[in-house]
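J.: With the hints as a guide, bring both chains together as one complex.
In order, the protein sequences belong to chains A and B.
Per the working numbering, the very first residue in the first sequence carries number 1; after that it's consecutive.
Per the working numbering, the very first residue in the second sequence carries number 1001; after that it's consecutive.
If you're looking for bench data, these hints aren't it; they were derived computationally from the structure.
Note that the Cβ used here is the ideal one computed from N, Cα and C, for glycine as well.
One should not assume that every hint holds.
Unchecked claim - Pair ranges (Cβ atoms, derived):
# : chain 1 : residue 1 : chain 2 : residue 2 : range
1 : B       : P1070     : A       : E20       : 41 to 49 Å
2 : A       : S70       : B       : D1062     : 35 to 43 Å
3 : B       : L1083     : A       : Q45       : 26 to 34 Å
4 : A       : S72       : B       : Q1041     : 20 to 28 Å
5 : B       : R1057     : A       : T5        : 41 to 49 Å
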Amino acid sequence: AQSVTQPDIHITVSEGASLELRCNYSYGATPYLFWYVQSPGQGLQLLLKYFSGDTLVQGIKGFEAEFKRSQSSFNLRKPSVHWSDAAEYFCAVGPYNQGGKLIFGQGTELSVKP
Amino acid sequence: DAGVTQSPTHLIKTRGQQVTLRCSPKSGHDTVSWYQQALGQGPQFIFQYYEEEERQRGNFPDRFSGHQFPNYSSELNVNALLLGDSALYLCASSLAQGTDTQYFGPGTRLTVL
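Just chain B, same shape as in the assembly (with noise of 0.2 Å):
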């Protein structure tokens, strides 16, 4: 049974790019969840998306923004990178059903210069 996938592992960008990260999640799985996890700090909540519709937003600026495909795979875009967006991006896939659990990926580490 595939886990949640995480594409790519690691990236390097430069303030003002543009970045693309992607997001397989568990089999079975039609909600995906996006979290940026900067370094020592705890997960922080950057959106969920269902039936290819953001559900929730956490606290994050319009340069955060994602997709969900018809598959329930995901995106997630960050525009205008600043060095402050510096951090590991995890996905977590789950049921929107039920008492199901998120399961996260391993992440992507962003680094913008």
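This is chain A alone, in the form it adopts within the complex (with noise of 0.2 Å):
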């Protein structure tokens, strides 16, 4: 079955401390990996994708992740957080042409302490 979970419905960091979130996948086939934010009541916003290459990607916003093929996962990074980040935070898996369904896991929201 095609499914993502990301194990923490709820996460709170302080302002500039480091952040990790993750995201565990199954996927049939090679995976097209990304995470999305949301922030609220607004529609997501691509921070980054993985298809293949180098499994450290950059993103947007001082956002990166790593793809672990041996572990299914796609952890999302920030190695200081600020107030801004506070959002929802979606991993998503697809297929490679892009032909096909987004399937997103249940979402993490960060909150953020001064």
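T.: If you want it as structure tokens, here you go:
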């Protein structure tokens, strides 16, 4: 079965602290992996994506993610969190040809303490 | 460069009614996908349109239907609304060819009373 699991429903970090959001996937074919961010009442904004090549990918807003095939994981990281990073984060998996659907995790809500 | 736009922003309907949501894709994109996002959940794929035809469909009943126009814009129609249809409906556009990304619109918030 194809699925994405984000084990942490809600995470709170202090401003300036590091962040890691976990994502595990189950996908039959070669996965195309994404992290999206959603602010309250807004649509989804792409942070970064991975299909092949260097397993550490850089995205916007200082985010990065590391693909680990052996662990079926694609965790999102940021060295120093800013208050404006508070939002909902979604991991998604889809087919490489972009002709198919994206499967999303349930999301992780990030709160940032001052 | 205009991104993905959706209308209306918010909509309130009663059970049994029908609703139509609209989406204009990002400039240059030819494929439109629709997703339903219930409160506290991740988006779920409804269907995708390319060349004015439904190319792929998720696990949604026939009450959910769509259309794509020659200018690539799209409509999502939902008949016989149920309370459980209350959700944020997201439209995403992309290119059929290549490895382009799906870009999402701001969504339409549908409330069914």
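J.: Tell me the hint numbers this structure goes against, listed in increasing order.
T.: 5
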